[in-house]
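What follows is the residue order along each chain.
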Amino acid sequence: MSNDSEVNDSEVDTDNAEAIGDRAGESARAPYRPSARRIERERYRKARTRRSVLIATASTLVTAVVLYLLVTGSPGWPRTRETFFNAHYAREALPEVLKGLWLNIRLLVVCGALVLVLGLVLAVARTLRGPVFFPVRALATAYVDFFRGLPLIICLLGVIFGVPALRLTGVTSDPVVLGGAALVLTYSAYVAEVFRAGIETVHPSQRAAARSLGLTNAQAMRYVVLPQAVRRVVPPLLNDLVSLQKDTGLVSIGGVVDAVYAAQIITGKSFNYTPYVVAGLVFVALTIPMTRLTDWVTARMNSRQGAI
Amino acid sequence: MTEPVLRLEAVRKSFGGTLVLRDVDLEVAPHTVTALIGASGSGKSTLLRCVNLLEEIDDGAVFLDGDEITDPRTDADLVRRRIGVVFQAYNLFPHMTVLENVTLAPRRVHRAGKERARERALELLARLGLQDKADAYPDRLSGGQQQRVAIVRALAVEPRLLLLDEITAALDPELVGEVLAVVRDLKDQGMTMVIATHEMGFAREVADQVCFLDGGAVLERGTPEEVFGEPRRARTQAFLARVLEAGRPVGRPTV
Ligand SMILES: Nc1ncnc2c1ncn2[C@@H]1O[C@H](COP(=O)(O)OP(=O)(O)OP(=O)(O)O)[C@@H](O)[C@H]1O
Ligand SMILES: [Mg+2]
Numbered sequence: 001m002s003n004d005s006e007v008n009d010s011e012v013d014t015d016n017a018e019a020i021g022d023r024a025g026e027s028a029r030a031p032y033r034p035s036a037r038r039i040e041r042e043r044y045r046k047a048r049t050r051r052s053v054l055i056a057t058a059s060t061l062v063t064a065v066v067l068y069l070l071v072t073g074s075p076g077w078p079r080t081r082e083t084f085f086n087a088h089y090a091r092e093a094l095p096e097v098l099k100g101l102w103l104n105i106r107l108l109v110v111c112g113a114l115v116l117v118l119g120l121v122l123a124v125a126r127t128l129r130g131p132v133f134f135p136v137r138a139l140a141t142a143y144v145d146f147f148r149g150l151p152l153i154i155c156l157l158g159v160i161f162g163v164p165a166l167r168l169t170g171v172t173s174d175p176v177v178l179g180g181a182a183l184v185l186t187y188s189a190y191v192a193e194v195f196r197a198g199i200e201t202v203h204p205s206q207r208a209a210a211r212s213l214g215l216t217n218a219q220a221m222r223y224v225v226l227p228q229a230v231r232r233v234v235p236p237l238l239n240d241l242v243s244l245q246k247d248t249g250l251v252s253i254g255g256v257v258d259a260v261y262a263a264q265i266i267t268g269k270s271f272n273y274t275p276y277v278v279a280g281l282v283f284v285a286l287t288i289p290m291t292r293l294t295d296w297v298t299a300r301m302n303s304r305q306g307a308i
Numbered sequence: 001m002t003e004p005v006l007r008l009e010a011v012r013k014s015f016g017g018t019l020v021l022r023d024v025d026l027e028v029a030p031h032t033v034t035a036l037i038g039a040s041g042s043g044k045s046t047l048l049r050c051v052n053l054l055e056e057i058d059d060g061a062v063f064l065d066g067d068e069i070t071d072p073r074t075d076a077d078l079v080r081r082r083i084g085v086v087f088q089a090y091n092l093f094p095h096m097t098v099l100e101n102v103t104l105a106p107r108r109v110h111r112a113g114k115e116r117a118r119e120r121a122l123e124l125l126a127r128l129g130l131q132d133k134a135d136a137y138p139d140r141l142s143g144g145q146q147q148r149v150a151i152v153r154a155l156a157v158e159p160r161l162l163l164l165d166e167i168t169a170a171l172d173p174e175l176v177g178e179v180l181a182v183v184r185d186l187k188d189q190g191m192t193m194v195i196a197t198h199e200m201g202f203a204r205e206v207a208d209q210v211c212f213l214d215g216g217a218v219l220e221r222g223t224p225e226e227v228f229g230e231p232r233r234a235r236t237q238a239f240l241a242r243v244l245e246a247g248r249p250v251g252r253p254t255v
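Heads up: the sequence lines are chains A and B, in that order.
Start counting the first sequence at 1; every next residue gets the next number (the numbering used here).
Start counting the second sequence at 1; every next residue gets the next number (the numbering used here).
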């Protein structure tokens, strides 16, 4: 097996070497044969890799065993297992938690989309030049300063309980909608700052080049600055989205049942904490694919073009 | 006498407290090449940026085809459409392919159709030997190729005037030859150009007019023979002597 890969390896490299030879106009030379030195080096590298893998595996196993013995050997373990890892309650909680999770997911998708759009608008508004735009710029700055500083929980309480208290006609008092609105208010302020940081990292010479081609300020922003800025901030944006996903649970302060609240209800009846563990694991399971997705998107962007 | 494409009248520009351009006068006739030479920091780039309205001048005036473009009432975007610029650092857009870089302005500014812009871009790229790089991203190109793409991008909008800022500064001698050959071709096709350069041999060969800038002032202006052959000012003589010493011959270029 290791032999196979060796053969493949050198084949690929031979192609490369030929391509380079072509460019230099030396294609007439004899085909490339790896030297004894190269073969020896590759053998050494392979042996070293094999050793590293072995060491990593052994050390992981040892660590796992030590942790297992430590936890299960602790005096409180039987009780802890009973209250936190109880199969019976886990089975009872899972359907309820999943039902609640559906609300978290819907909130995440809708709020996430709104947050990205509003954040981008705010960030661009803050970069507008010229006296006409002064009020827009000032408003956007004030908005970001305020909602970035305001604790999310206070924002939620204020919107969920404050807005219905106004008794405005035509305005909903649905805690899900209001809670979602509060999340959008706070998170769009965070995301606006992320976008603005991205816009600022695009070198001014890029804008100058665009302007010198005759593009207007808006066109330079739209075609040259923003595409580069957005690419650069994908990882921090995802971070904020994961954080948003977890905070969707906070809308339950308005009385709606999400995954965490569903777990809490069962725990309240049984005094067993397993449902919380279930809810926690479900959130983790939801985050992992999102992280892999960004990794994939970032990698794809990087393969299309080098460092920007 | 024909109207000059570009005319500068007592242009003055300072950054903070330092005066970078002192009352610069300059005339560029149609289909001619003007070379700006001078030490680092003498104001060559600043002069080009002022012409392209990337910098606002303090006093004086710049005329393009007889129209004053430094009048605050003129539309800077319209002026820039008539002037092509190639920057010293290329400034290609890294998130776009070569073709997208070249067609951006024709499509968005000049509203050319997608196919039309593409055809024209490919034609220009082919002329500069870049036809097989149309779909590559800029970071996969050599310095000389990037510089040529920047030239194509500036040419794609069919500018009245082309400003080239030390376009060979970052290139090795072989690539310098490659890029300078392109400029020579453009001259033969009648393009009006202003070139800031440290390549004295090239300036001598290709320019119709040479301007020696020193501390932001035009110290000497004339044909290459006059400026390089019999410089009148002591400063010019000293500068040319220094350049010679540094191994940049004032004779014909080797390419
Ligand atoms: N944006 C700016 N702010 C402040 N000073 C500036 C700015 N741009 C240029 N300068 C100054 O103006 C002077 C002229 O600069 P300029 O770039 O025009 O020189 P140059 O002749 O192009 O030099 P080089 O040959 O090195 O490119 C320099 O002293 C520089 O420090
Ligand atoms: Mg310069």
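Because the hints were derived from the structure by calculation, they are not lab data.
Just so it is clear, CB atoms sit at the ideal spot from N, CA and C, and this is done for glycine as well.
Don't take each hint at face value.
As the list claims (entries may be wrong) - Short, incomplete list of chain B residues facing chain A, as computed with Cβ under 8 Å:
#1 Arg81
#2 Phe93
#3 His95
#4 Arg111
#5 Ala112
#6 Arg160
#7 Leu162
Each hint, compared with the structure:
| no. | hint | in the structure |
| --- | --- | --- |
| 1 | Arg81 | 4 Å, holds |
| 2 | Phe93 | 6 Å, holds |
| 3 | His95 | 5 Å, holds |
| 4 | Arg111 | 11 Å, violated |
| 5 | Ala112 | 12 Å, violated |
| 6 | Arg160 | 12 Å, violated |
| 7 | Leu162 | 11 Å, violated |
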